[in-house]
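Trainee: From first to last, the protein sequence lines stand for chains S and C. Using this note's numbering, read the first sequence as starting at 1 and increasing by one per residue. Using this note's numbering, read the second sequence as starting at 401 and increasing by one per residue.
I should point out that these hints are in silico values taken from the structure, not numbers from a laboratory. It is possible that some hints are incorrect.
Said to hold, decoys possible - The following residues of chain C were derived to be distant from chain S, with all beta-carbon distances above 12 angstroms: (1) Gly417; (2) Pro436; (3) Gly463; (4) Gly717.
Stated by the list, open to error - Quick look at which bits of chain C chain S covers, simulated, 3 or more residues with Cβ under 8 angstroms: (5) 471-478; (6) 747-758.
Idealized CB from N, CA, C, for every residue including glycine.
There are 2 protein chains.
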Amino acid sequence: MSVTFPRGFRAAGVVAGLKESGRPDLALLVADVDAPAAAAGAFTTNAFPAAPVTLAIEHLRGGRARAVVVNSGQANAGTGAPGMQDARATAAAVADVLGCQPDEVLVCSTGVIGPRVRLDRLRDGLPGAAGALSTDPGGGEAFARAILTTDTRAKQASASAGAWRVGGCVKGAGMIGPRLAPAELGTMLAFLTTDAPATPEALAAIVAERVVPAFNSVTVDACPSTNDTVLLLASGAAGGDAVLPGTPGAAALGEAVAAVCEDLARQLVADAEGASRVLVVHVEGAEDDEAARAVGLAVASSPLVKTAVAGGDPNPGRFLQAVGASGAAFDPAGVRVLLGGEAVIERGIVAEPVPEKAERAMSEPEVVLRVELGSGPGAATVFGCDLTEGYVEINARYHT
Amino acid sequence: MSVTFPRGFRAAGVVAGLKESGRPDLALLVADVDAPAAAAGAFTTNAFPAAPVTLAIEHLRGGRARAVVVNSGQANAGTGAPGMQDARATAAAVADVLGCQPDEVLVCSTGVIGPRVRLDRLRDGLPGAAGALSTDPGGGEAFARAILTTDTRAKQASASAGAWRVGGCVKGAGMIGPRLAPAELGTMLAFLTTDAPATPEALAAIVAERVVPAFNSVTVDACPSTNDTVLLLASGAAGGDAVLPGTPGAAALGEAVAAVCEDLARQLVADAEGASRVLVVHVEGAEDDEAARAVGLAVASSPLVKTAVAGGDPNPGRFLQAVGASGAAFDPAGVRVLLGGEAVIERGIVAEPVPEKAERAMSEPEVVLRVELGSGPGAATVFGCDLTEGYVEINARYHT
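Chain S extracted, bound-state conformation:
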């Protein structure tokens, strides 16, 4: 279940011929209610944001949206003013087909950076996409499939908060290391929907406090894309009183959204380019949550840790190196690192030999590392994956 799990949304995904592979490449999500949905987003902080990112930020100013259109195949990044025209033309074409205003349409693109979007094919594909729009789980799944690039499978998640439903999907297998900022400026694309009657302000707060930290804690190759985008839309179709920021209702909705984000984050790293194992790094005892995330990302981004995970080699020295190079402030003599629940670093000193249980934990499908810094209340969980020959092959042999 994904974006059509909450009531008030229809979705579709079709083949428009944007990808050479002939796979689905045009996705459409429509808020199926009288008024546009409340909407909030977070976008890449890359200095070269893609044209659709710039346009989505512009269209999100009013906190409302009626439709999201996503093309895969071309990222429409590094395309200058012509790329911006293509993004605007895409929004206009969607508005035309749906009978709404162009600024009610949010455009997202993913694929190769540089080439222009195949606009004619995109336009030709829109009526078919609109015709296929469905409130069924199948509509959400078709949407989740059409946004993929080097991903091998659709990644969907759902949760509930009382009567409210939350659904979402994500794409991304490489160039993943988002540094998102709310409403400022991925090629991680994540789409979240809810039928809660949340205001744009409540959604924006949930994006800033729950969605951005969750996705900024994910890394495949530590590469923040030109196109990274997360969108959260609320149809209000569940009915009831408006959910305002700072209320218990907003907190409950935030919990459900965060649960969907964590589920999607785990699915994302499991489907990362060439990945054979997931690496989960729990960090605690940091000065603050941001410092904890920095330590977790330093460990999960280290090529030496990632190759050790690929080889199933419990190598505490590499954990020590990565924690020490994170730039976070902590007392080195207070650092403890656990692998499979067994200490492999204690008081900053590497355990020799590595405990057998820790050794076995390194060969699990999900390798779980716990880093205790002992220097404060900050905590974070970071999701990464191993670095295999497969990642190199995909990225050295294919122009992605």
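Please build the complex by placing chain C on the supplied structure of chain S, with the hints as guidance.
Mentor: Here is chain C on its own, set in the frame of chain S:
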């Protein structure tokens, strides 16, 4: 020619049995003059500095040294107080064999992080190393060989400034992404010697201004080690007046030292784990040199750029992504990137299609990228390499 090219130094490298492979693993460099050599160094900023790093910083306080001893096989990092005792015992043993004070000995270690140094074997090997000390090029080469770990060859360089000679060697093939700070706290080890009569202060200035920027501009896997160390020793054996900081003499010596560093940096990335191509990134037009280096390192560290270099795939979108994610401040619309002298990004827009000459340049043994930011006087040159299946194999299959 390396550390014994300048007059006043003897060097040796022997097999002490510290490495399982049976290759040379104990290196000794001795200032062969009446007084100890003037000395300065730069060390890792990793929060877990190896025991020998901590000891070398302590012993360098007076700006003088008589000997450098290097063991390969064990890094003596993450070893706590026992590791510190081992480093001190190593210095004492060298002092005993050479007839000098322990605090005149600088200890360096490289190898696996965690295990204790095989101190008995190290001690047993010292008389043989002392007996083999030689002023010949062969002595310098033996030294340069005994410091290697996953390197495939010795890396040596030399230069002259008038009558003064400068020599050096470096080791390192993985866990390379030094963030050195002068006299504060790699497993890059670099040893530089000169026979110029430079004072410790003049050497410290050259280390800060020429040596640190040079080696901090090198990356294999962007992993700052627990053991990264650069040492510069001046025997004064060339005779003449003392070389003081800020003088034309110091500037001339600095130029020669910088030339040796750049030569060693290029050799280092060429011999990096699994590397098939060198990547040189020239950055200009940054706000300052540090911002330029940040952009160069962002490009040369990107797994997506590195795999594109491995595949010989001219992929300007990946250059754009990496420059944009560097965190440096610049006007995106002013950015130009040249590959093989041809623009592949112009005014922030990706050239489509990629010029043929640029395509060919991507398959050269040395890929040269020029990034023009157009936003200031800052410039830097960064040395990196490609990311191949070989790197993954070495680091996933072997415990290094």
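Trainee: Against each hint, give a clear statement of whether it holds in the structure.
Mentor: So, going through the hints one by one against the coordinates:
| no. | hint | in the structure |
| --- | --- | --- |
| 1 | Gly417 | holds, 19 angstroms |
| 2 | Pro436 | holds, 31 angstroms |
| 3 | Gly463 | holds, 27 angstroms |
| 4 | Gly717 | violated, 3 angstroms |
| 5 | 471-478 | holds (count 3) |
| 6 | 747-758 | holds (count 6) |
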